[in-house]
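Residue numbers (the working numbering), protein chains in the order written: chain A, 1 to 320; chain B, 1 to 232.
Calculated from the structure, these hints are not laboratory results. Ideal Cβ placement from N, Cα and C applies to all residues, glycine included. Among the hints, a few may not be true.
Label pairs and their in silico Cβ distance ranges [what the hints assert, rightly or not]:
#1 301(A) <-> 76(B): 17 to 27 Å
#2 193(B) <-> 28(A): 41 to 51 Å
#3 266(A) <-> 103(B): 49 to 59 Å
#4 8(B) <-> 252(A): 47 to 57 Å
#5 24(B) <-> 255(A): 18 to 28 Å
Sample of chain A residues with no beta-carbon within 12 Å of chain B, all distances over it, derived [as the list claims (entries may be wrong)]:
#6 8
#7 19
#8 28
#9 92
#10 106
#11 115
#12 133
#13 139
#14 142
#15 146
#16 151
#17 273
#18 305
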Amino acid sequence: MKLQVMYSFLKSDLDKVEQELKQIAVSNDPLLAEAALALIEAGGKRIRPVFVLLGGKFGAYQFETIKHVAVALELIHMASLVHDDVIDNAYVRRGCATVNARWGDKVAMYTGDYLFAKSLECITNLEMPEIHKVLSYTMVELCKGEIEQIRDKYNFNQNLRTYLRRIKRKTALLIASSCQLGAVAAGADEQTSKRLFWFGYFVGMSYQIIDDILDFMSNEEELGKPAGEDLRQGNITLPVLYAMETPAIKRKLETVHAGMDRADMQYMIHLIKDGDAIERSFELSERYLQKALKIIQSLPKSQAKSAMQSIAKYIGKRKF
Amino acid sequence: MYNNDFKILKERLQVKLQHPVLMQHIDMPDIDEEKLLLLYSILKSAKLHTKHIEHYAVAVMLVQIALDTHEKVSEMNVKKRQLTVLAGDYYSGLYYHLLADNHDISFIRTLAKAIEEVNEHKIYLHQHKASTVNEMIYSVQMIEASLIMKTCQHFQVTDWEEYAASFLGYARIAREYKQACNGESSVIFAAWKSLSGEKWEQEYHVYKQNAAMELIDSPIYAQWTAMTGHQL
């Protein structure tokens, strides 16, 4: 089943979110408007708005209120992607030239800052202190996660705990907040919104682990970047950590560097795929998914709950 | 008293900016003391309580430092460049967190709108879109002063607005003139030269003289000087 089918009942509202995003991209500066619109039109999974709207279904769902959260979270995600492309010196994302590739780093920095500000302008349409506390905490943690990722690059002596803390901050918290804030904006009770937070958290952890597995298991066409690129960039992900438990493999992986040629990288990918590192990574991802499914079990039966369960299961099986 | 309050404020801001990884790998951000002093004076003239002055001044300066940090992203070593991008994002996050914790939702919005305006003008300046020198100077003023001008509007001390724009625009242009004279790159003077050709330097000196006169003649200057002892 395609991902979109699982939440087809949200289609009309998701289309409106898309329209809102395009309207928000409007700027007095034509270049800024073009850059922002290009980012929005490049698409993406829109997983955060989906989770916000689904979270909202657990309360008194009112699209006109919840849309501000959905739009703001997607804008924050986009702003961080624009800056990530500067960090990674990336020239292509989702098959399109990045903002930094088209207009240079300065324009990319300005565009990211502009989108971040737009997201805050949007979310401040809601005068709910709880929403701002959760979101601002998430944003600070997200930055800390990214800073830690840079700190830990090419550090082949890091442990599982460091990795899990990093992906929590980098990915899981924003998905967790998406689920929680949708519910908070819809006035759901605290217990429900907390459960949704943990659901999103576990799904986010699983999602990032799968992402890290796909770096080795998928191909350039599906990933939009060469296989093993995360490792080449020095990101020590779960499959690498597991593979490094064998000292001989660790010694070889420690030779990875940014300028490593394609053939040598293929060998490193082979080392990781050859043992049980991928299988064990899938197992850990699955454990997080099971935790997600368990926590949502106690929520009342609804279309949104079924959709969340289906999405969680889909994430475990996704190929790109 | 004034100096002491200002010193405490600066220290509080410095504490907020501390992050172990950032401190290890990138330079501590510069705090624009003139801007901070102006902001402090504006908030004081708004008759806010000392602890509120401190709170809002730190929030505004975090945004300013976030934006300034992103200006530094350039051809530096990879790790430093990457962390400079993230430092700016982190300081932005801190401003939101600080205000959100205090339920200052309307001020979050005020600053968000100012950030939008600043970045619109930055791109305008960067792309050399201004068709006259006055337009370009206006963009510089907006880049330097939007945060403070919006703060003036928020706290209804709008008589400081125009002065803040002129003063901060003037200060930035004077700084970049020195850079340009030292052979360093300057977005302002690159634009000025392309607009005015060989007359740019003569025009700059006329601008500098007129701007300084206008600032000194402003009643706000007298008020500010009396409050802080600050002089042009």
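Exercise for the section: Would you list, in rising numerical order, the hints stated earlier that this structure does not obey? Expected result: Failing hints, ascending: 1, 2, 8, 10, 11, 12, 13, 14, 15 and 16.
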